[in-house]
Structures are given as structure tokens and as C-alpha cells.
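Chains as they are written, first to last, in my numbering: chain X, 81 to 401; chain Y, 81 to 401; chain C, 81 to 401; chain V, 81 to 401.
It is possible that part of the hints are untrue.
Note that the list lumps identical chains together, so a pair holds whenever it fits in one copy or between two copies.
[Said to hold, decoys possible] Pairs of lysine to any residue residues, derived as SDA-like cross-links and limited to a Cα-Cα distance of at most 20 Å, are as follows:
no.	residue 1	residue 2
1	K336	V277
2	K320	R331
3	K240	G349
4	K317	E388
5	K317	G398
6	K248	F345
7	K240	F345
8	K248	E339
9	K240	S262
It is worth saying that the hints were derived from the structure and are not from the lab.
As the structure is a prediction and not an experimental result, all values here were calculated from the model.
Number of protein chains: 4
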Amino acid sequence: MTLTTTIANTTKDTTMTTHFHGVIPPVVTPLTTDGDLDVVSYEKLINRLIEQGVDGLFILGSTSEVAFFDDEMRGRVLGEAKRIIDGRVPLLAGVIDTETLRVIRHIRQAEEIGVDAVVATAPFYAITGPTEIENHFRALHEATELPLFVYDIPVCVHVKVPVDLMIKLGREGVIAGCKDSSADDVSFRRLALANRVAGSPLALFTGHEVVVDGAFMSGADGVVPGLANVDATNYVKMYKAYREGDWETVRTEQDKATELMEIAFVPQGVVGPAAGVGAFKTAMQLLGTIETNTMCVPLPTLTGENVERVAEVLRRVGQLA
Amino acid sequence: MTLTTTIANTTKDTTMTTHFHGVIPPVVTPLTTDGDLDVVSYEKLINRLIEQGVDGLFILGSTSEVAFFDDEMRGRVLGEAKRIIDGRVPLLAGVIDTETLRVIRHIRQAEEIGVDAVVATAPFYAITGPTEIENHFRALHEATELPLFVYDIPVCVHVKVPVDLMIKLGREGVIAGCKDSSADDVSFRRLALANRVAGSPLALFTGHEVVVDGAFMSGADGVVPGLANVDATNYVKMYKAYREGDWETVRTEQDKATELMEIAFVPQGVVGPAAGVGAFKTAMQLLGTIETNTMCVPLPTLTGENVERVAEVLRRVGQLA
Amino acid sequence: MTLTTTIANTTKDTTMTTHFHGVIPPVVTPLTTDGDLDVVSYEKLINRLIEQGVDGLFILGSTSEVAFFDDEMRGRVLGEAKRIIDGRVPLLAGVIDTETLRVIRHIRQAEEIGVDAVVATAPFYAITGPTEIENHFRALHEATELPLFVYDIPVCVHVKVPVDLMIKLGREGVIAGCKDSSADDVSFRRLALANRVAGSPLALFTGHEVVVDGAFMSGADGVVPGLANVDATNYVKMYKAYREGDWETVRTEQDKATELMEIAFVPQGVVGPAAGVGAFKTAMQLLGTIETNTMCVPLPTLTGENVERVAEVLRRVGQLA
Amino acid sequence: MTLTTTIANTTKDTTMTTHFHGVIPPVVTPLTTDGDLDVVSYEKLINRLIEQGVDGLFILGSTSEVAFFDDEMRGRVLGEAKRIIDGRVPLLAGVIDTETLRVIRHIRQAEEIGVDAVVATAPFYAITGPTEIENHFRALHEATELPLFVYDIPVCVHVKVPVDLMIKLGREGVIAGCKDSSADDVSFRRLALANRVAGSPLALFTGHEVVVDGAFMSGADGVVPGLANVDATNYVKMYKAYREGDWETVRTEQDKATELMEIAFVPQGVVGPAAGVGAFKTAMQLLGTIETNTMCVPLPTLTGENVERVAEVLRRVGQLA
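Isolated chain X, as found in the complex (with noise of 0.2 Å):
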């Protein structure tokens, strides 16, 4: 098996070679306490990811709070991680809106600043069904000459995108690959073992943090681990000895990466992103990656226990002294 993806782009008639593989953290946003972007932290961020080992970025993902930004923060955000990158792993971009044309103004954007390809979900909002879900893509996909990735999130979008389609969209070009973060297990094995006998044309990559293994036993090309943000050495090492073949390092360091998770699972009386992300930004204070846990407006920042639970996962995985 190669990880590396070739993907005949047929509706445009040339064919790419593309290097997305691996693990692409999706970069959550620092932010300082009045909620703008934090550039010093995200500055240190981006490069602790990069020395660690990651094989490629995911700026403007759910993680980044996406969704809580208007577009001029959108583009501060990804300006600034396109500056500080600087080429040195590849850059994927979420676009994330409710509808095709509002997508493609955020393509728009992706494209003046510069990324490696864009990342959209299915449509949200109004109720659609998959005749909507694929006209979506393929105007998007007419809309840029950009490698175009699906996130799948039934969690937010609440709709999951057919195994079926994911391949006659790969087949035909028109996506390069999938974010699979609907935790439908059985659907991604499907999807793995359909892709292969499509001759490989998506790039896959699971959005789990802690059955990544069995993501990798169903032969995903990478993770988007959005608890890499703390750590993201037990995700590297664990892809290395998936390549390697070496399943029982994949397992130890998927266990490991678990128990670390347990900061998530920890916070009480909040809900979504808030718990979240909001436990991978405490714990990154709390071991000096950035300034503040801040969340953006309406979220509630995690104080006093629930930060206390956090360090308190931290001391017990030996991360915090």
C-alpha cells in the first residue's frame, strides 16, 4: 500500500501528484483575552507542531472555532499561518459556511492567501438530501483549480455524506480526499476498502483521537487530530510505525494518546466546543504553549474546577509536574 495519493484529476483534464498524508492537526486559534488572535502564541504553536513532526496543517477547522469568526478574522487567522508556515508542510484551509456560494467566497479567500487545498462540508442549515450534497461539490469544485477535501460531520452539519457518492465524486475528480470526523467506523472501513478497488482516487483521513488505530488498521492515508494541539508526538509516532508496520507501537502510543483525551471528557456543565476545544486550550496554557484558554464569544472559557480537572489529567499522563 502507498500512502501517497495519485489522483487523476479527469473533469480537468491534468493529473497531480499529492503529498496528503500523514498527521495534519487542525490548529486551534489562540486568542488573547478580548478575542482577537493571539499572533505571538500562534506563532509558537505552529512551529511546535512543525518540530514535532506534523506532516501538514488544518487552519480554519471546527477546532479553530471556524465557525465563531467573521471573515476578517477568517483571513487574519489564516494570513498569519500561511506567514508562519512558510511552506514548510502543506497548508489545508477549511471553508466552512452553510451553502455553495457562500463556500466559495471563502475559496476565494484561501486562494489570494495561498493554501495547498481546501477543506468544505456538506451544506447546512436548510435540510438537504444528497442530490444538494453533490451539486454542492461539484460547483465548488468548478468554482477552483484547489485540491478539494470533504469534512464530513454529521455532528454539525447533520447530515453524513454517502460512502457512494465519496466515490463517484473521487472517481471523477472532483474531490481529493475526505476528513472523516462522523465517528462512523463501519462507514470509513467501507470507504477505505471501496477507495482501494477505485484504484485509491481520495486521500483519507479519520478525525479521531483515540481510535486512530483502528482507523489505520482500515488503511486511512492520515489523522486530523485536533488533540495533537497539546501533544501531537504520540500521533506522529504512531503513523511512522503504521508505515512501518509496526502495530503494537501503533497501539501503545493510541493508548497513551487516550489517556491524554481524557482532559475533554473532563469538564462539567458545558457542552461542544466549549468542552472541547476549551480543554485543549487549558492544557495548553497550563503547559505554556499559549497565553490564555480563551474562547470565542458566546462560548464560556473553562475557569476554577474545570481547569483544575484538566491539570489534574495532565499530572496523571506525567505531562504536567
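Once you've looked at the hints, dock chains Y, C and V against the given chain X.
Structure of chains Y, C and V alone, referenced to chain X:
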């Protein structure tokens, strides 16, 4: 019972008397076949609605396909509506977007154009709880002098605004009212009762089409029926009869509207707005109110058999020869 | 078996002959503290309901805790009800179980005891679609001469019986009516309308407590309100006023019932029947109708603060001194 | 790590070493065309499974169509299984019903027939929370000396048993293990980790078919795959390789099983067990293991094109000529 709501806007220390009541249709956006705003049809539609006796117009709601427009198109649709309405009835503007900062941008646009109230949903895309919802509406209220309505639409945002929170925000003058598209009539009845106990700080609108009589029984101040785009007369008569305590007429007019609403249930192989708003547009085209039944990308436009099914309902209820 | 329902349908000015109409409460099952049937309280409760003027009694519905009883206890509850009612009003028996063959066993038991109709849900536990639902009701009908009612309760069985299927089964005499506990009032209105068009083969009951006036506006033949166990008089007055076209009384009585229904919303830290039926039982105990508010294993019985919260509502509405 | 679990049954003050591990298929119930138990086919099927090397058999699980059988049929299916198995492998019996008292009746039946463990779901039909779930399993445990397994299957009972509760009940000896059919692999990984930390009181089984390798990575003690009814050899090899740390074989065998599992995804126009168990039965009939693919009332039996679709998968993977 007075249906005119007096809002004691405590946080801003101003008392205002608003006149948000009656039939306030969410206006469909007529498009040309290439997806642009069809201004001629829009003028015809808005004038027709006002002539049929509506008490206000809700622009950029779900029925307008707001989620499918980019910001420029939103501005055009709202600006043209403002121009056409020309102060004849109140203009309520939807300011729908994922999270607080994005919604505030749309509020700014609405303020510049000059609207009478803004209508915002709970935050969506990210999972949020009551804390975020409360923070969200408080932040929106602080950002504007305009009356703020809650658009309670779980089918789109996947969370219900709790009755208690609504009353609390009403008492404090944070919100001026609610458009209830939750389809949870038990909740609406409890909201109406709690609102009366609280001194009626909120103007309460139902988003129903076929059980508006029930909402009137609950004490609703008005109705926001998408179906009124096809024909507003039943709703105007129903509301008048309601004010006069003529419940048999309320019921009879509701039955007529229910029969007409079958247009939204007959299309096959389509879901969501492609079926519902699609049926409205198709009926409006068949009746000569608008030029085309074109839907926004990526929604399929009703064609062939589905147009015939809509026509059949129109003939059955005597709207079409 | 006659499946033709005689409904005094005011809008149609015709009188028909079945006895399934009006207020038919789902009777709570009073328990001793060790979980046995409290026959003395049961007798008191049933007599009180009949004296308050109900038009029938629904035994072994969800409100009776039917799902918590073994077959022997079901037989006891149904047998005692039969004995106490003694033909004064029609007895409808719930025959609730996962799938067809199990339901048929309960129908046999109901037949032996002697009931006037049986009430069955769509199949549950296993995922099923419209084909299974149709097969299920057809098989039940073939197994019995008793009138068969559909108990449409998606909150428990996680599927909605489609309006079209209901009408089809009604036209063919497979089902005699429906108890609609779907909380989907749009569907109920469409069902009521389609039923009238079909010649009213179905007797339609709403399972609502707080928007029964809306259901009457839709043309319901009756109501099955759990709250009537606490006090049936509002519903009896409401139904009478409905038959007489006195809508202001309908509305006023509904408002009173809605205020009383707050007992079901005040308990904290409990969900489902432990809150709802628990509140009914607690109120009934406080009012002296039954001896204990004991719930069936594994449901927690309301105690302490929660009892006080229920009492507070009863005092507020003047039921308790 | 030892995969044989030692259960410290603290409340009953006995310590026992159980051997619940490995491949324990949920056995399909072969039916005659008129819906009776096909004993000859049942014998053939059970013998074949034991010959293929399974480590136990789960009778009266969802795959057996347990929810569709009346009590008499349940007794027959379980009694015949007991007779045929004749002590060669452990027999685990499903005791599935809505609530506690009903489940206890099935436990009595299972005890009389003589089984090695009972498997119960969380309560269903009525909405219940963690309190009810805990009360339920405690009451079941008090009612029997048999090892009690939690059958965690939200798709059927619409509630997930929380990880913390599972661990708590395991530590106290209330439950002996879990069959996880939740499809929530993150939860399963966290359960496996917490179980190890707690000293492994629970034997953990996955109900997956196509991502069993991932469950083994998580440290599962075994697997309960419905697909094994068609062919158990992949799972037997996979489990053996897992015990030997031969992960490449685990993965390869999983890929083969995944290809075979496509039989459950190809049927069209059917849902739930009619598709899944229906496909198993159809494949078993095509392969000569059972006589008919008849499903229990009200499930439709696969016919025509759907049988051909299943056959095509079997041919593709080399099971059928």
C-alpha cells in the same frame, strides 16, 4: 386582550411601544433562471402581499433562501425590499449566521439599510447549550438598538431555545419577541402562558401554516406563514376573525389554508426547502406572481411531474382553472 | 365487527354511532409501596373519573406504566378495571409489546377479560419501516374481531405512522382509529383533513394535554389526557363546549388545564414517566385520590423537594389549600 | 494482559473465573416458511459454528429476531439450542424486554433451561435516564446467580449505557461484562481503558462486524458478529491472531469479513433486520446452511433482485460458485 406589545427595555432604560403583530409573511426571493434577484417579480410579490392586507414582512428568513446567499446578495435582497415596501408595513430582517460575531455583521448591514427589527436564531454548527444561547442573544442585543426577535427553529439549528430563557430575556428587555418555528406546540402554549404571567414582554409569532388556529388559541400575537406567499388572504381573514373572537371563521379559514398547503407535501424525490419553498415558488409561478420557480444553488428546482402535482392541488382548491 | 365510526361531527352536521369519542383518560395504575396493585385506590380513581363525566377509559397505556408490568400484572390491572368499570363506559385496552406475535398474545388476554377495543403501537425495538408497520396492523386485525386503534407514539417506539398509511388502513377497515401521541400537530391536522375527505373511517384522538383546543380545531373526535387522572373536569367541560361550538370556553378550560399541567414540568433530576406520571401520582396522592405515589421498578418515586414543587403548583391553581 | 476475565463478585461474596472470551456469534433462528422453528437447520447451523471454532454462542439476541417471538417460541429456541450445544461451548441467553419485571421473567425461563449467562439491554419503550438504568441492572443481578452481561444497543433501546456506570457496576460485581453494539468506538476505547485501570472486572465484547480489528486494538475480550452465521472462520482466525499479536493477519482477515459483510448493504427497499438479518439468512440459504430465508412477522423476507444482490456478493468473495 391587547395584541400590541409594550416592551420595557430595561437594560437600555428606554420604553418603546412596538406594533409587531398579525400576519407577517417570510417573503420568498424570486430568482431569474441564472440565480440573480428578479426585481420585477419581487416588486409584484411584495405589493401583492401588502394589498392582501399583511401587517409586516419578514425578509431574509429561511423561506427567502437566506442561507444560500452570499453577503452581497443578502444586501441586495434586503435593500430592494426596503425600497419596495417604502414604509407601508414594518420590515423585519433575518440576520442568520452560525455564531455571534457573524450575526452582528449582518445586523450592521440591516441597520444601514434601515429595518424595523432583526430576527436571529440560536447559534448553530458548533454544539452549544443554554449558556451559549443566552450569551449570544445578550451580545446581539448589546450590539444594536433594534428590537431583537428570537427565531426558534430547531429543524435548522438543532437546538430549542428553552421557554424559561425566553421569558428571562424578555423580562430584561433583551429580546422583543419570538418567531416560533419549533413545531413544539406544547412549548409554545407554555411560553404564551408564562409570557402573560410575566406581563407580556414578548410578541409571540408562530411559524406554522396548518395549525395557526391552535397557536391563536394559545394566544399568539401573530403568524409568519410561508404559504402566504402563494395567498395571504386566508391568514389575513383568520387573524381578523381571531381578534374579533370569531373562532368558526378562524377554523374554516385554517382548513382552507391547510388544503392549499398540500402543495408542499406532494413533490417527490426532494427534501427540505427544495420541496417546501420549491412548491411555494412553483405555485407562485403557476399563478403568475413570479416569473420562474428557480431555486438557489445547490437546490434542485421542481420540474415535470412535481410541477404537475403542485398544479393539481391548486386546481383542487380552486386557485387554478 | 363494525369499524364504521359514528362521530357527532359538528362541522358536517351528521350524527354517527360509535362510542369512541370524547374524554378517554389513560388510567394511572395505583401501586402499594411494595409495587403491587392498590385495588382500593384503583376503585376510587376509576369511580371518580366516571363521576367526573369521562366518555371511556384507556387501561394499560403508557401512563399506566404498562411497559413495566409482567403479563400477570397486566392481567390483574385489566381484570380489576373491567370489574370496577362494569360497563358504565367503554374500556379500551393497551396491548403494547415489541412485535406482532407478542402483541397478539396481549390481544388474547384482553379478549378473555372482555374489552371494547384494543390499542397497539407500531412495532418497536427492531428498526422497521412502513412495510413492517402495515404488515403489523394487518396481522393484528386478522387476529381479532375487536376494534383496533393505532397508538402513534414516536417518543416511545421511535417511528411515526405515516398519515397515508393510517388513511389506507382506515378505509379498508383494518383500524378503527388513532390515539395520536406524536406531538406532531401538523401531521394530525393533515390526518384529520384526509380522514374527512375519506368519509371519516377513523376516530381520531389526541394524546395532548395542553393544546387539546388546537386538536379540537383540527376536528379531533376526542382526547386521551394523562392529566385527567388528577382532574378530568376541565377536559369534560372543554369537550362539551367543543361539541356546542363554544370556543371561548374551550380556550379558557384549556388554559386552566395548562396551568395544572405544570406539575409535570417542575420535578428536577428525573426524566420520562418518572417525571410525568410521577407528577400525576404525586398530585393524586396529595389530593387524596390514591394512597401512594409509588412508581414501578426501576423508576424512582418522587420525594422531598419534588413533591413540594408539585404541591406548589396545586396550590397556585387552587386545587390544594 | 490476560483475556480471561476474573470476576470478583463482591456482593455475593464469591469469586469465580469465567471464560467468556473470543468469538461468540449471535445465532440466527432458522424458520420454516410458516414461521415455526426449523430444528433441522438450527442443528446444522449450531454444529457448523462449533466446528468452525467459536468460543460460545449467544442465543436470543437481536440477530435471532428475539423481539419478534412470543414467550413460548423463546422457550423453544433456547431449549433446542441448549440441547444441541450440549455443553460444548458456553451458552449466553438474551433476556430482552422493555423493563425490569418483564426481563426477570425471561431470566427465570433461561435459568430453568440452564444457560451460562444472561444478556440484558437497558430498559426501553419508556424514556429513562441513568438512575433507571442503574436500578434496572441492580434488580436483575439480585434476581439471579447467573453472570449478567449488559447489551449496549442504543439503535434499539435509544439510550447509551454510560462508561462510568458500566465500570461502577463491574467493580461491584453487578455485571460481568458488556456486549457493545453502540457503534460508538470512542466510548468503547474509553470503557476498555477504564476497565483495565479498574482491574478488568468486565469481559468486553464488540458487536461490530467490520471494525473488529479496531476493537481488538482497544483490548476487547471478544466479538459477537452476526456475520459469523454466514462464515465464522475469518473471526476465529482474527481472534487467534489477535491473541498471538499477529496484527497483519487480524487486519487481512478483517478485510475479508468486511467484503463479505457487503451482503447486508446491498438489499434495496428494506431497512433494519429485514435487510441485515435478512441478508444473513439469504446467504445461509444460498450456501446450504439453512432451508429457508423466512423472516418473522411482520418482517418482509428478501426475494427476487435482493436475493440476487446477496448472491453476487457471495460470488465476488468466492463463497459461491
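Same-copy or cross-copy closeness of K240 to S262 [CA-CA at most 20 Å]: Both: 7 Å inside a chain and 18 Å across chains, each within 20 Å.
Can you give me the call for K248 and E339, within, between, both or neither, at a CA distance of at most 20 Å? Classified as between; 19 Å across copies, 38 Å inside a copy.
Intra- versus inter-subunit Cα pairing at 20 Å for K336 with V277: Classified as between: cross-chain Cα gap 13 Å, same-chain 33 Å, threshold 20 Å.
Alpha-carbon proximity between K240 and F345, which holds within one copy, between copies, both or neither at 20 Å: between (25 Å within a copy, 16 Å between copies)
With identical chains treated as interchangeable, where does the CA-CA distance between K317 and G398 reach 20 Å or less: within a copy, between copies, both, or neither? within (18 Å within a copy, 38 Å between copies)
Given identical chains, is K240 near G349, meaning Cα to Cα at most 20 Å, within a copy, between copies, both, or neither? Between copies only: 18 Å across, 28 Å inside.
For K317 and E388, with the copy left unspecified, which applies at a CA distance of at most 20 Å: within, between, both, or neither? neither (29 Å within a copy, 46 Å between copies)
Evaluate K248 and F345 at a C-alpha cut-off of 20 Å and name the case that applies: within, between, both or neither. Cα proximity of K248 and F345: across copies only (17 Å, versus 37 Å in one copy).
Within a copy, between copies, both or neither: which one fits K320 and R331 at a CA-CA cutoff of 20 Å? both (12 Å within a copy, 18 Å between copies)
Violation of the numbered hints given earlier is confined to hint 4; every other hint is satisfied by the structure.
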